[in-house]
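Chemist: The primary structure of each chain is shown beneath.
2 protein chains.
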Amino acid sequence: MNHPTSIAIEFENQNLQILDQQLLPHKETWLKIETVKDMILAIKALKVRGAPLIGVAAACALAQSALKGTSQTALLSEADELAEARPTAVNLMICVERMRKAILDRLNPQELYKVAIEIFIEDINLCEKISNNGNPFIKDGDNILTHCNAGALATAGIGTALGVIKRAHESGKKIHVYVDETRPLLQGGRLTAWEMEKAKIPYTLISDNMAGHLMSLGKINKAITGADRIAVNGDFANKIGTYSVAVLCKHHNIPFYVAAPYTTVDPQTPNGKLIPIEQRHESEVKGYGEAQWAPSKANVYNPSFDVTPAELVSAWILDKKAYTKSDIEKGVFKC
Amino acid sequence: MNHPTSIAIEFENQNLQILDQQLLPHKETWLKIETVKDMILAIKALKVRGAPLIGVAAACALAQSALKGTSQTALLSEADELAEARPTAVNLMICVERMRKAILDRLNPQELYKVAIEIFIEDINLCEKISNNGNPFIKDGDNILTHCNAGALATAGIGTALGVIKRAHESGKKIHVYVDETRPLLQGGRLTAWEMEKAKIPYTLISDNMAGHLMSLGKINKAITGADRIAVNGDFANKIGTYSVAVLCKHHNIPFYVAAPYTTVDPQTPNGKLIPIEQRHESEVKGYGEAQWAPSKANVYNPSFDVTPAELVSAWILDKKAYTKSDIEKGVFKC
Numbered sequence: 001m002n003h004p005t006s007i008a009i010e011f012e013n014q015n016l017q018i019l020d021q022q023l024l025p026h027k028e029t030w031l032k033i034e035t036v037k038d039m040i041l042a043i044k045a046l047k048v049r050g051a052p053l054i055g056v057a058a059a060c061a062l063a064q065s066a067l068k069g070t071s072q073t074a075l076l077s078e079a080d081e082l083a084e085a086r087p088t089a090v091n092l093m094i095c096v097e098r099m100r101k102a103i104l105d106r107l108n109p110q111e112l113y114k115v116a117i118e119i120f121i122e123d124i125n126l127c128e129k130i131s132n133n134g135n136p137f138i139k140d141g142d143n144i145l146t147h148c149n150a151g152a153l154a155t156a157g158i159g160t161a162l163g164v165i166k167r168a169h170e171s172g173k174k175i176h177v178y179v180d181e182t183r184p185l186l187q188g189g190r191l192t193a194w195e196m197e198k199a200k201i202p203y204t205l206i207s208d209n210m211a212g213h214l215m216s217l218g219k220i221n222k223a224i225t226g227a228d229r230i231a232v233n234g235d236f237a238n239k240i241g242t243y244s245v246a247v248l249c250k251h252h253n254i255p256f257y258v259a260a261p262y263t264t265v266d267p268q269t270p271n272g273k274l275i276p277i278e279q280r281h282e283s284e285v286k287g288y289g290e291a292q293w294a295p296s297k298a299n300v301y302n303p304s305f306d307v308t309p310a311e312l313v314s315a316w317i318l319d320k321k322a323y324t325k326s327d328i329e330k331g332v333f334k335c
Numbered sequence: 001m002n003h004p005t006s007i008a009i010e011f012e013n014q015n016l017q018i019l020d021q022q023l024l025p026h027k028e029t030w031l032k033i034e035t036v037k038d039m040i041l042a043i044k045a046l047k048v049r050g051a052p053l054i055g056v057a058a059a060c061a062l063a064q065s066a067l068k069g070t071s072q073t074a075l076l077s078e079a080d081e082l083a084e085a086r087p088t089a090v091n092l093m094i095c096v097e098r099m100r101k102a103i104l105d106r107l108n109p110q111e112l113y114k115v116a117i118e119i120f121i122e123d124i125n126l127c128e129k130i131s132n133n134g135n136p137f138i139k140d141g142d143n144i145l146t147h148c149n150a151g152a153l154a155t156a157g158i159g160t161a162l163g164v165i166k167r168a169h170e171s172g173k174k175i176h177v178y179v180d181e182t183r184p185l186l187q188g189g190r191l192t193a194w195e196m197e198k199a200k201i202p203y204t205l206i207s208d209n210m211a212g213h214l215m216s217l218g219k220i221n222k223a224i225t226g227a228d229r230i231a232v233n234g235d236f237a238n239k240i241g242t243y244s245v246a247v248l249c250k251h252h253n254i255p256f257y258v259a260a261p262y263t264t265v266d267p268q269t270p271n272g273k274l275i276p277i278e279q280r281h282e283s284e285v286k287g288y289g290e291a292q293w294a295p296s297k298a299n300v301y302n303p304s305f306d307v308t309p310a311e312l313v314s315a316w317i318l319d320k321k322a323y324t325k326s327d328i329e330k331g332v333f334k335c
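Chains as they are written, first to last, in this note's numbering: chain C, 1 to 335; chain H, 1 to 335.
There could be a bad hint or two in this list.
Same chains, same label: a pair holds when it works inside one copy or across any pair of copies.
[As the list claims (entries may be wrong)] Taking lysine to any residue and the SDA-like style, the derived pairs with C-alpha atoms no more than 20 Å apart in a straight line are:
#1 K273 with K334
#2 K44 with A83
#3 K198 with S296
#4 K250 with L312
In short, the hints are calculated from the structure, not lab data.
Hey, can you work out the whole structure from these sequences and the hints?
Modeler: Right, here's the structure in full:
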């Protein structure tokens, strides 16, 4: 079996490691995962994050556990715990469900390992297809806003939104990327900026509240983000602040694209209002890590995601194709 | 002469001190100002900030210098340097201009001191009037968004936008304030949160990118900010991110108010496009203080202000009265 590689996760036999994304961009440290519990903690602490990547990571953790001799009953219970590690991204549930079915089918550890590697390789291929499908939307000279990180650090492959951007850059198009820092956990300022440097793509880091001003000056002409869950009607959840970007795009007549693999589509969720939104700890809004700048008693609201309605989306760039509003209305996300 | 008091600045004879706003909310430290140069450094470093307050602070610094025996020529040159300390807020230029005229009129140091104290007291009174004029716009049960800090820390008095909020609270209206943290320098998360706690007004601190989501959930029904410069046509500059708040309000049919004293109106600026926007240091966007989280070589854009066009404003709450769009069109800001 060919062992897939990724800049964010490594899995070969029992050796499972993730790049600790909390320490980026200043430290590139790999974290050894020994148990499913380790992986759950890493997912909750956003050491491994990004909707597609946590799906792959969860599948790998279950396969590792099987290789280590965990019983079928215990594996099923570990699958339940993994599926609940983060509530918004549906890829996690979908990948865990695939592993659960394989466990219920009494596949042996080597076969379960093979399923996880299939999921890993599939995610790499999905990213390639998304990047190719998105490339025609990017033109020479574009100034593209992105929010959070939907890159190689959010997937097992080249990325979704950043995959589209990288493919456009590889195609020789001269583009410039505006990177929202993405408070509170700064996935833009830390991770997307790091990926743009690695890919040598010209970029400018901004605070989230600067995007509107740049649009008003005509300095941004396109926006693209990833997604954590896409509902049947095209509404989607993504990192908090995505909705504001989409509203600002509408106000300035700027196209707004979402890029994601089919594993992000949830046929069980008819519309965005039904997507559960994870609430996170208040310390994330009161500061960043040890730098806590707000009054210690401050009351805080910290939703990790928001929902962007389909009406604000110009195209849904998936692995199969880039869908239009009329495709969505015809029900392409129903199954 | 009665000596006015403020929570942000103290001036009595040669004793001039400012509350160091960079150290808030964790430390309440008063910083002694000995020279005009000290004040310029404090203004540039945002140790003293807020459009009305830096106008008052500049006037006090010039009066202190006069009391210390500085010559007329040297005072005029100090006035020039002060006026250039920050380019966007017009109150600074207007207050320095008043002092310059008094210096040119060869007023003696005690008389110059009196002019500065007049400016100080006037700002306190302007805040009272703004707060009273704004109170009718706030209703029992309102959930009000504010951005940056336009409170007692931005003026010599009760504040402008926060003055309105405090007056509504004092009037017994049950209100809740959503405080944008206001990256990159976090005047919301540090200063407005601190003021809300002092005033015992219920508030919730959020990242700037959460306001849109809250509006979509119907949890915010009003927004109010201060201003750094208001153009004749009603466009105004304020802390970066204000424009995005105004666009989000428009999208959600939420009224957006701006509150400021007449010293913020610039009859020399016909429209917002002509307001100079201060660009600040890249380190502010790459992190906060010593916590630097972005790649060290990241290219950064850091405008300190943005411009909100008049069409997005529901009312301009000034000391004289609250103006409507039709008042503005009639030319009330022309002189």
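Chemist: Does each hint hold? Answer for all of them.
Modeler: Taking the hints in turn, this is what the structure says about them:
no.: 1; hint: K273 with K334; in the structure: within (16 Å within a copy, 48 Å between copies)
no.: 2; hint: K44 with A83; in the structure: within (11 Å within a copy, 50 Å between copies)
no.: 3; hint: K198 with S296; in the structure: between (38 Å within a copy, 13 Å between copies)
no.: 4; hint: K250 with L312; in the structure: both (7 Å within a copy, 15 Å between copies)
Violation of the numbered hints given earlier is absent; every hint is satisfied by the structure.
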